[in-house]
Amino acid sequence: MSTPTTTPVKSLLVRGYEVVIGFETHAQLSTQSKIFSRAATAFGAEPNTQACAVDLALPGTLPVMNRGAVERAIEFGLAVGSHIAPRSIFARKNYFYPDLPKGYQISQFEIPVVQGGAVDFYLGDEKRTVRLVRAHLEEDAGKSLHEDFIGQSGIDLNRAGTPLLEIVTEPDMRSSAEAVAYAKELHKIVTWIGICDGNMQEGSFRCDANVSVRKPGAPLGTRREIKNLNSFKFMQQAIDFEIRWQIEEIEDGRAIQQATVLFDPDTGETRAMRTKEDAADYRYFPDPDLPPLVIAPDWVDRVRSEMAELPRVMAQRFVSDYGLPEYDATTLTQSKAMAGYFEAVAKTSGQAKLASNWIMGEVSRRLNASETGIEQSAVTSVQLAGLIARIADGTISNSAGRQVFEALWNGEGQDADAVIEAKGLKQISDTGALDRIIDEVVAANPDNVAQFKAGKDKAFNALVGQIMKASKGKANPQQVNDLLRKKIG
Amino acid sequence: MQTVHHAPHDLGVAELAAALRQGQLSAVETAQHFLKRAQAQASLGAFLALDEEVTIAQARAADARLAAGTAGPLEGVPLAHKDIFVTRDFPTTAGSKMLKGYRSPFDATVVRKLRDAGMVTLGKLNCDEFAMGSSNENSAYHPARNPWDRTRVPGGSSGGSAVAVAARLAPAVTGTDTGGSIRQPASFCGITGIKPTYGRASRYGMVAFASSLDQAGPMARSAEDCALLLSSMCGPDPDRDSTSLDRREEDFTRSLNDSLEGLRIGVPSEFFGTGLADDVRAAVEACLKVYEGLGAKLVPISLPRTELSIPVYYIIAPAEASSNLSRFDGVKFGHRAGEYTDLVDMYRKTRAEGFGDEVKRRIMIGTYVLSHGYYDAYYLQAQKIRRMIADDFQQAFRDCDLIAGPVAPTVAWKLGGHGNDPLADYLADIFTLPASLAGLPGMSVPAGYGEGGMPVGLQLIGNYFSEARLLNAAHRLQQVTDFHSRKPEGL
Numbered sequence: 001m002s003t004p005t006t007t008p009v010k011s012l013l014v015r016g017y018e019v020v021i022g023f024e025t026h027a028q029l030s031t032q033s034k035i036f037s038r039a040a041t042a043f044g045a046e047p048n049t050q051a052c053a054v055d056l057a058l059p060g061t062l063p064v065m066n067r068g069a070v071e072r073a074i075e076f077g078l079a080v081g082s083h084i085a086p087r088s089i090f091a092r093k094n095y096f097y098p099d100l101p102k103g104y105q106i107s108q109f110e111i112p113v114v115q116g117g118a119v120d121f122y123l124g125d126e127k128r129t130v131r132l133v134r135a136h137l138e139e140d141a142g143k144s145l146h147e148d149f150i151g152q153s154g155i156d157l158n159r160a161g162t163p164l165l166e167i168v169t170e171p172d173m174r175s176s177a178e179a180v181a182y183a184k185e186l187h188k189i190v191t192w193i194g195i196c197d198g199n200m201q202e203g204s205f206r207c208d209a210n211v212s213v214r215k216p217g218a219p220l221g222t223r224r225e226i227k228n229l230n231s232f233k234f235m236q237q238a239i240d241f242e243i244r245w246q247i248e249e250i251e252d253g254r255a256i257q258q259a260t261v262l263f264d265p266d267t268g269e270t271r272a273m274r275t276k277e278d279a280a281d282y283r284y285f286p287d288p289d290l291p292p293l294v295i296a297p298d299w300v301d302r303v304r305s306e307m308a309e310l311p312r313v314m315a316q317r318f319v320s321d322y323g324l325p326e327y328d329a330t331t332l333t334q335s336k337a338m339a340g341y342f343e344a345v346a347k348t349s350g351q352a353k354l355a356s357n358w359i360m361g362e363v364s365r366r367l368n369a370s371e372t373g374i375e376q377s378a379v380t381s382v383q384l385a386g387l388i389a390r391i392a393d394g395t396i397s398n399s400a401g402r403q404v405f406e407a408l409w410n411g412e413g414q415d416a417d418a419v420i421e422a423k424g425l426k427q428i429s430d431t432g433a434l435d436r437i438i439d440e441v442v443a444a445n446p447d448n449v450a451q452f453k454a455g456k457d458k459a460f461n462a463l464v465g466q467i468m469k470a471s472k473g474k475a476n477p478q479q480v481n482d483l484l485r486k487k488i489g
Numbered sequence: 001m002q003t004v005h006h007a008p009h010d011l012g013v014a015e016l017a018a019a020l021r022q023g024q025l026s027a028v029e030t031a032q033h034f035l036k037r038a039q040a041q042a043s044l045g046a047f048l049a050l051d052e053e054v055t056i057a058q059a060r061a062a063d064a065r066l067a068a069g070t071a072g073p074l075e076g077v078p079l080a081h082k083d084i085f086v087t088r089d090f091p092t093t094a095g096s097k098m099l100k101g102y103r104s105p106f107d108a109t110v111v112r113k114l115r116d117a118g119m120v121t122l123g124k125l126n127c128d129e130f131a132m133g134s135s136n137e138n139s140a141y142h143p144a145r146n147p148w149d150r151t152r153v154p155g156g157s158s159g160g161s162a163v164a165v166a167a168r169l170a171p172a173v174t175g176t177d178t179g180g181s182i183r184q185p186a187s188f189c190g191i192t193g194i195k196p197t198y199g200r201a202s203r204y205g206m207v208a209f210a211s212s213l214d215q216a217g218p219m220a221r222s223a224e225d226c227a228l229l230l231s232s233m234c235g236p237d238p239d240r241d242s243t244s245l246d247r248r249e250e251d252f253t254r255s256l257n258d259s260l261e262g263l264r265i266g267v268p269s270e271f272f273g274t275g276l277a278d279d280v281r282a283a284v285e286a287c288l289k290v291y292e293g294l295g296a297k298l299v300p301i302s303l304p305r306t307e308l309s310i311p312v313y314y315i316i317a318p319a320e321a322s323s324n325l326s327r328f329d330g331v332k333f334g335h336r337a338g339e340y341t342d343l344v345d346m347y348r349k350t351r352a353e354g355f356g357d358e359v360k361r362r363i364m365i366g367t368y369v370l371s372h373g374y375y376d377a378y379y380l381q382a383q384k385i386r387r388m389i390a391d392d393f394q395q396a397f398r399d400c401d402l403i404a405g406p407v408a409p410t411v412a413w414k415l416g417g418h419g420n421d422p423l424a425d426y427l428a429d430i431f432t433l434p435a436s437l438a439g440l441p442g443m444s445v446p447a448g449y450g451e452g453g454m455p456v457g458l459q460l461i462g463n464y465f466s467e468a469r470l471l472n473a474a475h476r477l478q479q480v481t482d483f484h485s486r487k488p489e490g491l
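In order, the protein sequence lines correspond to chains R and A. For the first sequence, the numbering used here begins at 1 and goes up steadily by one. For the second sequence, the numbering used here begins at 1 and goes up steadily by one.
Quick caveat, the hints were computed from the structure, so don't treat them as lab data. Heads up, some of the hints might be wrong.
[What the hints assert, rightly or not] Just some of the chain A residues that point at chain R, by a computed CB distance under 10 angstroms:
id: 1; residue: Val-54
id: 2; residue: Gly-205
id: 3; residue: Pro-238
id: 4; residue: Ser-242
id: 5; residue: Phe-328
id: 6; residue: Thr-341
id: 7; residue: Leu-343
id: 8; residue: Asp-345
id: 9; residue: Gly-373
id: 10; residue: Ala-377
id: 11; residue: Gln-383
id: 12; residue: Ile-385
id: 13; residue: Trp-413
[Unchecked claim] Derived Cβ-Cβ restraints for the label pairs, each shown as a range:
id: 14; chain 1: R; residue 1: Gln-376; chain 2: A; residue 2: Lys-100; range: 24 to 34 angstroms
id: 15; chain 1: A; residue 1: Lys-100; chain 2: R; residue 2: Ala-177; range: 24 to 34 angstroms
id: 16; chain 1: A; residue 1: Glu-307; chain 2: R; residue 2: Ile-150; range: 43 to 53 angstroms
id: 17; chain 1: A; residue 1: Glu-451; chain 2: R; residue 2: Ser-153; range: 21 to 31 angstroms
[Claimed, not checked] Listing some non-contacts, in silico: residues in chain A with all C-beta distances to chain R over 12 angstroms:
id: 18; residue: Ala-68
id: 19; residue: Gly-69
id: 20; residue: Arg-150
id: 21; residue: Gly-199
id: 22; residue: Asp-279
id: 23; residue: Arg-398
id: 24; residue: Gly-453
By construction, the Cβ of each residue, glycine as well, lies at the ideal position given by its N, Cα and C atoms.
With these hints in hand, go ahead and build the complete structure from the sequences.
What follows is the structure in structure tokens.
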């Protein structure tokens, strides 16, 4: 979408220091089987029931590339405007660990499949761009289980060989808020295009943040990498703590040592796992078991033609086709389901702005309260469209509309018309009937009339309120206004 | 049942297959005959595993298919596998203590394909540990002895394979060739062996040594027998081995009898330098004369980087091996040290106990050449020269159809003859390494005898996918010579 450009950086100094953040995100790709074997990738199975001979690295086994994983990498690259490498290389990263069955991880090192690209997002009102260095395919390791074994460790290799896309940014972010906004946008992109389920608790979307601080204009400071941030809340807390800690270290005259750190949500602190001195020599070399990954242009074209409309493109369309304000368009394209719901309501009712107001208002309020997604909305898009149509054609007032919505949400009635009928919410359009109500209210409230005539606008509103109440909400407020002003104005 | 004039062990694969098809022999009696010989010749050290029950069960099934008319092309013909191929029915050790007692839950593709062709497995054959060596002395179990002189090595790493064929313990066997491990033992034991083009036979189920070089191939007495096995071994395996080539199965016997009239045989000067022993030179040159008599034309060629193939190979192969052998860590399968204090100690002791000296040496060399700061100078440089070596061959093949020369600089040496000098072993690989590095098919054909009456092998190297042509040239030679059918004394 965007061409990689340097983001103009508005300086956001913390105690006189500029914060510099870069991200490495591991997105687990949503393939049925593993990246180099046919074992299933489903989460939560009994230990070692989803590890085949290849995943166990039994002698004689060899990796065979899962095309689905490559296809998802291509989709991601296209979504963020990257170059899709026509030829990329798998390498072996060699190290010993019990949850790494082969004694090496197959990853892409020198030539990754996705190169460059950028992620655009809003930080408040400000448009930001974070440039991507690369995104490469690799396999996940298994898990060591320390809890259930006394004096021993268990190994679960179900996760071994799960396909990952590691997405690496330039150090373009300048605050924890920007970092979180980037991570949320990236999360939105990968879930939107469907290459990752985005489940952060299950580890499907894990972020590592490289954080450093410097005086403005100074060269980049030494960075520390916060590993495995698996919630947006912890991400912000961890980065904020890390920034404070680094500044304090420097202010106290201590140099920052390059290190890998972990965030402890219980203490709210980061602590070093290993320093650069412990850094292993991974002895990367091209994996002789896997020929170069060759992606022909027609493969890329086919993936492009089959890809869903991207959120940013869709938001633009909402602005141009439906005349929505940019804010509405951006909010409604937070998820594919939300956007789809909006489009259905807007098309059926023919009232895009009303649809947007209702979805961002009542619908979101109810969804938030019940902690469900729009897919589970108790009011369907068809029902909401029917309701909006009745407001637009003047059958019911906005406030009556809210009553109808409540009723529909609670399952009282098939559609808006049925609820309007059952509750008698139709607006009074007969001016004779309204005249009688107004005359009664005026006669019953001489004080308000006198106050209004003395110049108190509040008294007018009080009268309108009384009239609306007397009409049981069925009066058209605008009509009431006009008629009342004629009578006492 | 008709009487067979020759004992089964004197029959080749083609003759055995015919005798079995015609009912002159049953698969069970054939298998029993070979098993008895294998047991009687146990002192040769050819086998690492025999299991009569398994073999006879396979033979019975073969007899049933022969009777039912559903027999495969090689139904009932016995075979033994180098212990590098994983097998469900026999343990697989790769000649290492690390895998003592290991049993694979699946068969190697090559094993499966030969079973599908109807062959009956006699057992698993001795080899150098993880196929690293050229004398079979690196086997963690016991050495194998050359049937032509039991005080000499049979070559390696497919030493047990070569011994089994030469001693008539099996009519045919599988081997693997990374830097000459089929050709050199075939040469030392006076049999025929072919390493096909890299990627022709699936590597799935071969315990990996050096992935970019490892290739399976058959070893038998004659080129015709090798062609029969090779036809069943090759073919694409895209779901299991990404480096297996998308080339359809071929009948490699189809051109065995083609004329050699006008065949241009390239003779590389670098293969006939001062390092070549006189007896080997004489036998190889005599064979080249035979080829001239068959209508072929000898063309002098040059493979200028032949000597460089030694350092290049001994960087690339150990580099890949150091990584391939990382999985032997005591965690999931194979040997684990009995006592250890922590994880790192467990790794150290397991690998110190499980691997032999040569394997450790190569792991260390490989780890070193891949290390940060050395990678460019060693591994990357070696890869560049490797491509130049391949280019040299393509240059040569403009002037010739195939290349001929010695397999090894000398005949088989004495057991322990290279003492503790691994370099002596490495240097002896000089003529087989270039074709391995280029991924070209190569074979060893019995070419006569040298010092001590020991066999000499002629090496034939062809361009990619020219296996049928190589086998044709070997077969024509074997029609006018009898080196391949001679038997060591006392067998």
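Looking back at the hints listed earlier, which ones does the structure fail to meet? 1, 6, 8, 10, 12, 13, 14, 15, 16, 17, 21
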